[in-house]
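Spelled out, the chains give:
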Amino acid sequence: MLIQSSSAQLALDVVGVFVFALSGGLVAVKKRLDLFGVLVLACAAALGGGILRDVLLGDVPPVGISDWRLLTAAALGGLVTFAFHPAVERITRLVRILDAAGLGAFAVAGSLKAISVPGVPAVAAVIVGVVTAVGGGVVRDVLAGTVPEVLRRELYAVPATLGSVLVVAADRLGGLGGLVPWGAALLVFSVRLVAVHLDLNAPTQLRSGPHRQGTHGHRAL
Amino acid sequence: MLIQSSSAQLALDVVGVFVFALSGGLVAVKKRLDLFGVLVLACAAALGGGILRDVLLGDVPPVGISDWRLLTAAALGGLVTFAFHPAVERITRLVRILDAAGLGAFAVAGSLKAISVPGVPAVAAVIVGVVTAVGGGVVRDVLAGTVPEVLRRELYAVPATLGSVLVVAADRLGGLGGLVPWGAALLVFSVRLVAVHLDLNAPTQLRSGPHRQGTHGHRAL
Amino acid sequence: MLIQSSSAQLALDVVGVFVFALSGGLVAVKKRLDLFGVLVLACAAALGGGILRDVLLGDVPPVGISDWRLLTAAALGGLVTFAFHPAVERITRLVRILDAAGLGAFAVAGSLKAISVPGVPAVAAVIVGVVTAVGGGVVRDVLAGTVPEVLRRELYAVPATLGSVLVVAADRLGGLGGLVPWGAALLVFSVRLVAVHLDLNAPTQLRSGPHRQGTHGHRAL
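Protein chains in written order, with the numbering used here: chain A, 1 to 221; chain B, 1 to 221; chain C, 1 to 221.
Bear in mind the hints are in silico, worked out from the structure with no lab data behind them. All figures in this text were calculated on a predicted structure; none of them were measured in a lab. Hints may be right or wrong, so weigh each one.
[Unchecked claim] Not the full set, but computed from the structure, chain A residues with beta-carbon under 10 Å of chain B:
1) Leu56
2) Ala114
3) Ala124
4) Val142
5) Val150
6) Leu151
7) Tyr156
8) Val158
9) Leu162
10) Ala169
11) Ala170
12) Leu173
[To be verified] Lysine-lysine pairs mimicking DSBU-like chemistry, simulated, CA-CA at most 30 Å apart:
13) C/Lys30 - A/Lys30
14) B/Lys30 - C/Lys30
15) A/Lys30 - B/Lys30
C-beta atoms are modelled at their ideal positions from N, C-alpha and C, and glycine is treated no differently.
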């Protein structure tokens, strides 16, 4: 699901898929889904963004269902969560850091793939990058029966948007050299980590009344 | 997202997208989503139907992510709702009238686009028209965590179906002149307004018991 | 939506679509949706898996919106449920048996179609088969506002996976004769019936606390 050239990049892909699978598996375990449910939510979280990207770009069958390495990484993430979920919950902090790395890798990979398809406008390439990065989490939460976390509380999509804009702008300006993707992924990673550390969220419209926390009380992750 | 020829038609498109974005933004504000959540729900409501249509017809990337005018109208609708939502709620009646106009424009535009693709049967063209008109609202409500409003209470899909059938039938009978699309859009608009005015709904199967209102109590819009 | 050659196979298709439509209609009636909601959930349950399959394989417009026979069978299933749902509920046992047959037919049909498309890897063909078989139920439950039943309680996806693996393995090994698809469908059917009879489920991760039944209490079907 991504930067498509070296084995370092494949490693990044596989790590990103694995980490996103952990997040899906954790949501599934909290919902007390059975083993198959855990595996499906893990795969949905890990591969959903890339599948949406490929459907939007017309590149079918999507790599998320046809590359056995990504599928294996996703299934492994689900199995690990199912078997060891108390341990996985204890390393939530590490999971969040790895998740931020996955976010950067997927935003960059999605926008890179979009600009490689002829006839895709810049704005569409940015959106495809963001969908690649956050789409898996949205599918995960919809299947789990909660309002997608990315829409509710976390400053999650903003860094992904920054990274995608950077990649697409560099491409349009002719400056998409070998380092720009890595710089963009690092930017996403850093901004996301700062947001987690400072507990930053996008602004919410204040309203009177006691229901400040929202009507759907579950925190998905 | 639509009647594809003159600037009047582009204006209609943009107005339809903007109005549907208001409806998405209102749902998001009621769910106390953050700014990004409001923008995403606004875009999902405004562009979701057209994106589903284009994916079903194989016309990718969908115009809903590649035409900056539609994206701008959708984002603007979301921002307006976020900033001024008490005012937007006060003009609910006007929003409903504009929404009925959007419904007509999208049903007609969807079925027109479907019949322009070679090899699409008549029945598929009708369904694509209905999906274009109501799909955005379905995506909006699924993301917001409620059962789609269109499935629950409002006589909403029926006028869209009437309009799509009229367009496709006229095409198959060789009578799809310049006025038919406008007549079909007007028909959808009128039937929908009458339904709103008389508070008409599609029939519901009565059951004994006190739960007549359904288990999901929220009224989304 | 399926084995694509004889009239016996068309009959199997139509029966499968009809039975899945009954399941969708029953969920809709229990949610007290209006007539249109019942029809939409019936069609989503009956045709959703095939539509997802065709979108993933790039075969658009999907047969689920373009073959009037399948559409008619789906709509008829919805109407029958709406009109006679107490009777349909009384024959739950028969519906479950027919549903198991539909599961087998759809898993086999999905994987057969996937292996007929050039360039689809074996693992993707298996996944497409499973998605064809269980996707409609997932769409049904997401629209109905519940966590998909297949993820929660029933040993439902496992037989579909077995059947898809058998078809794809036979194809790769050069042994996909005329009887293999029927044998695979029969295998799915039998395993599913045994699971229903013995009330088997996939393993669930036990956790302490009183909430053993899960947080979403509704049983969708």
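Against the structure, test the hints numbered earlier, and report the numbers of the ones violated in rising order. Hint check: 9, 10, 11 and 12 fail, others pass.
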